[in-house]
Amino acid sequence: MHIYADYAATAPLRREALEAMTPWLTDGYGNASSIYRVAREAKRALEDARRSAAASLGVLPEEVYFTSGGTESDNWALKGALELGARQGDEPRERRRHLVTTAIEHPAILQTAQWLERQGMDLTILPVDEAGLVSPERAAAAVGGDTQLVSVMHANNEIGTIQPIEDIFRAVKAKNPQTLCHTDAVQSAGHIPVPWEGADLMSLSAHKMGGPKGIGALVVRRGVRLPAFMHGGGHERGRRSGTENVAGAAGFAAALATGAAEMEREAARLSALRDRLIAALLRIPYSRLTGHPVRRLPGSVSVVFECVEGESLVLGLDMNGVSASSGSACSSGSLDPSHVLLAIGLPHEIAHGSVRFTLGGDISETAVDRIADITARVVAERRAMSPVWDEKAQRPIPFGT
Amino acid sequence: MYTDKVMEHFSNPRNVGEIEDANGVGTVGNPKCGDIMKITLRIEDEIVKDVKFKTYGCGAAVATSSIATELIKGRTISEALNVTNKAVVEALEGLPPAKIHCSVLAEEAIKSAIADYYRRQGIDPLPIVGCDADCANCGQAAAGH
Numbered sequence: 423m424h425i426y427a428d429y430a431a432t433a434p435l436r437r438e439a440l441e442a443m444t445p446w447l448t449d450g451y452g453n454a455s456s457i458y459r460v461a462r463e464a465k466r467a468l469e470d471a472r473r474s475a476a477a478s479l480g481v482l483p484e485e486v487y488f489t490s491g492g493t494e495s496d497n498w499a500l501k502g503a504l505e506l507g508a509r510q511g512d513e514p515r516e517r518r519r520h521l522v523t524t525a526i527e528h529p530a531i532l533q534t535a536q537w538l539e540r541q542g543m544d545l546t547i548l549p550v551d552e553a554g555l556v557s558p559e560r561a562a563a564a565v566g567g568d569t570q571l572v573s574v575m576h577a578n579n580e581i582g583t584i585q586p587i588e589d590i591f592r593a594v595k596a597k598n599p600q601t602l603c604h605t606d607a608v609q610s611a612g613h614i615p616v617p618w619e620g621a622d623l624m625s626l627s628a629h630k631m632g633g634p635k636g637i638g639a640l641v642v643r644r645g646v647r648l649p650a651f652m653h654g655g656g657h658e659r660g661r662r663s664g665t666e667n668v669a670g671a672a673g674f675a676a677a678l679a680t681g682a683a684e685m686e687r688e689a690a691r692l693s694a695l696r697d698r699l700i701a702a703l704l705r706i707p708y709s710r711l712t713g714h715p716v717r718r719l720p721g722s723v724s725v726v727f728e729c730v731e732g733e734s735l736v737l738g739l740d741m742n743g744v745s746a747s748s749g750s751a752c753s754s755g756s757l758d759p760s761h762v763l764l765a766i767g768l769p770h771e772i773a774h775g776s777v778r779f780t781l782g783g784d785i786s787e788t789a790v791d792r793i794a795d796i797t798a799r800v801v802a803e804r805r806a807m808s809p810v811w812d813e814k815a816q817r818p819i820p821f822g823t
Numbered sequence: 009m010y011t012d013k014v015m016e017h018f019s020n021p022r023n024v025g026e027i028e029d030a031n032g033v034g035t036v037g038n039p040k041c042g043d044i045m046k047i048t049l050r051i052e053d054e055i056v057k058d059v060k061f062k063t064y065g066c067g068a069a070v071a072t073s074s075i076a077t078e079l080i081k082g083r084t085i086s087e088a089l090n091v092t093n094k095a096v097v098e099a100l101e102g103l104p105p106a107k108i109h110c111s112v113l114a115e116e117a118i119k120s121a122i123a124d125y126y127r128r129q130g131i132d133p134l135p136i137v138g139c140d141a142d143c144a145n146c147g148q149a150a151a152g153h
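Sequence order for the protein chains is A and B. Read left to right, the first sequence gives residues 423 to 823 (this note's numbering). Read left to right, the second sequence gives residues 9 to 153 (this note's numbering).
For reference, chain A alone in the conformation it holds in the complex (with noise of 0.2 Å):
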């Protein structure tokens, strides 16, 4: 039997989002900007996608553009917004060069960001404390009168913190009404509420819950006048060219439809089962959670095990059936743990131990059980044969003894 639980990597396509998206990758195949009639079916589904996805998300479809996906909407959102700013008024002393993020982003921000700064624009990297979260008194403090843009992720892909973006927002917009707020709703929206009341922009991807991989969304609230990204045939009115992928709309406005209807229920569901997971997982000795105990993602669960290297049990998990995941350095491609755990103060010889399981579509609590009983074999296996696990004693070796 095999067992997904990387739902935060990606998810199935849904039936639903298959069956909206199906008449467009069939007979509706016209160019949605042409003016036929095959091609105005194609533009009426586009549009009846953004209502619906718009409806979804509690904002006006004019609000919502279509991008490739996560990646491209932060970076939309972080280059448009700073790009806006640094033209902002007549002198230079109106300019606004400054860009807050915080230190657990995910890449998509964190490289945008730092690529910003390569270019003049001026950044600070906001901490995190030991479960994750962002203080708001500490953006706002960051938070000054050349302040452009603050983008704080609504919930980490790694350890499922759900950040306070509500009274994040409020203190941001209370130091400087003239700042943007931007967030990056990629792991959270389809699986539970986004407070979206005190953003500008919201970043959001299809295939996190059960759409097609390839299609997301920027949220643009009206009145931001962020520039065009994609320059070209001025498709998304005029900000966003490239022909549009209507078969992709239909299938993530499905997506997010069946989200919304379902989401009480199954967050309710996953936490269950999130939480029986974490408390079996946490029998294994010497282990710990990371993140939030209690703000975080309906289906996330990430833990550290000392003296167990997490892509050799990635690997492990996997040999036996188990498909999750690890911030380790050598899942990463680089000698360093996942940024995210470094940020929430774990050593690097703790990082290196991680494993993140994250469950979504029928998971049951048989399959649940059986991830626990796994892992605590695969660890078990991997200490015996770990130089800094003593076998006989059960506890680790401290090293260089």
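Hints may be right or wrong, so weigh each one.
What the hints assert, rightly or not - Below, in silico cross-link-like pairs of lysine to aspartate or glutamate (EDC-like), each with a Cα-Cα straight-line distance of 20 Å or less:
| # | chain 1 | residue 1 | chain 2 | residue 2 |
| --- | --- | --- | --- | --- |
| 1 | B | Lys60 | A | Asp428 |
| 2 | A | Lys814 | B | Asp12 |
| 3 | A | Lys814 | B | Glu26 |
| 4 | B | Lys40 | A | Asp740 |
| 5 | B | Lys13 | A | Asp740 |
As the list claims (entries may be wrong) - Covered stretches of chain B (chain A as the covering partner; in silico rule of three or more C-beta atoms under 8 Å from a C-beta of chain A):
| # | stretch |
| --- | --- |
| 6 | 11 to 22 |
| 7 | 36 to 48 |
| 8 | 77 to 88 |
What the hints assert, rightly or not - Residues from chain A shown here face chain B by an in silico Cβ test under 7 Å; the list is partial:
| # | residue |
| --- | --- |
| 9 | Thr546 |
| 10 | Glu731 |
| 11 | Glu771 |
| 12 | Phe821 |
For the record, the hints were derived by calculation from the structure and aren't laboratory data. Bear in mind the structure is a predicted one, so any value in this text is a computation, not a measurement. Just so you know, even glycine gets a beta-carbon here, dropped at the ideal spot from N, CA and C.
Keeping the supplied structure of chain A fixed, place chain B upon it in accordance with the hints.
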């Protein structure tokens, strides 16, 4: 990302454990980098009669340790000293670029254990092994260790 050979050695590692009456022991790597290899040797008449390993590390670290023990078991000391990280990579039919340091670690573990063997015999390992194989404190350490 891994070759079948790497996965095969990860799934069925050879020579796992510690030799009780080992006369050469080498431990290299550190927990901060996420990999530690310990090789124990039983050397008799200049021949590696037995070898075992214990490794804390990623899939490549386990596979390189496993194949390294196979490459030196039953060989003379000088043959074992000629096992380079390149030979380890070739025997595994390749490693991803980010994992080459694991093969360096395997080479270092062998040299470190042989150096320890010589020290126990009252022989200075430096002229034979080429370095003192105190890899944890080596300024020339490879691949960022």
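For each hint, the structure was consulted:
This hinted pair does not check out: lysine 60 of chain B and aspartate 428 of chain A have alpha carbons roughly 35 Å apart, beyond 20 Å. For the suggested pair lysine 814 of chain A and aspartate 12 of chain B, the alpha carbons sit about 33 Å apart, so the restraint of at most 20 Å is broken. Proposed proximity of lysine 814 of chain A and glutamate 26 of chain B is supported: the alpha carbons are some 13 Å apart, at most 20 Å. Under the criterion of a C-alpha separation no larger than 20 Å, the hint pairing lysine 40 of chain B with aspartate 740 of chain A is inconsistent with the structure, at around 25 Å.
Only pairs whose Cα atoms come within 20 Å are accepted, and lysine 13 of chain B paired with aspartate 740 of chain A is accepted, the gap being roughly 17 Å. Residues of the stretch 11 to 22 of chain B with a Cβ under 8 Å from some Cβ of chain A number 4, which satisfies the need for three, so the listed coverage holds. Interface restraint, the stretch 36 to 48 of chain B with chain A: holds (9 residues with C-beta to C-beta distance below 8 Å; minimum three). Given a C-beta distance limit of less than 8 Å, the hint that chain A covers the stretch 77 to 88 of chain B is violated, as 0 residues qualify and 3 are needed.
Because the smallest distance between the Cβ of threonine 546 of chain A and any Cβ of chain B comes to about 28 Å, over 7 Å, the interface hint for this residue is violated. Against a cut-off of 7 Å between C-beta atoms, the interface hint on glutamate 731 of chain A holds, since the closest Cβ of chain B lies about 5 Å away. A least Cβ separation of about 4 Å between glutamate 771 of chain A and chain B falls short of the 7 Å threshold, and the interface hint therefore holds. Annotation: interface hint on phenylalanine 821 of chain A holds; nearest CB of chain B at approximately 5 Å, less than 7 Å.
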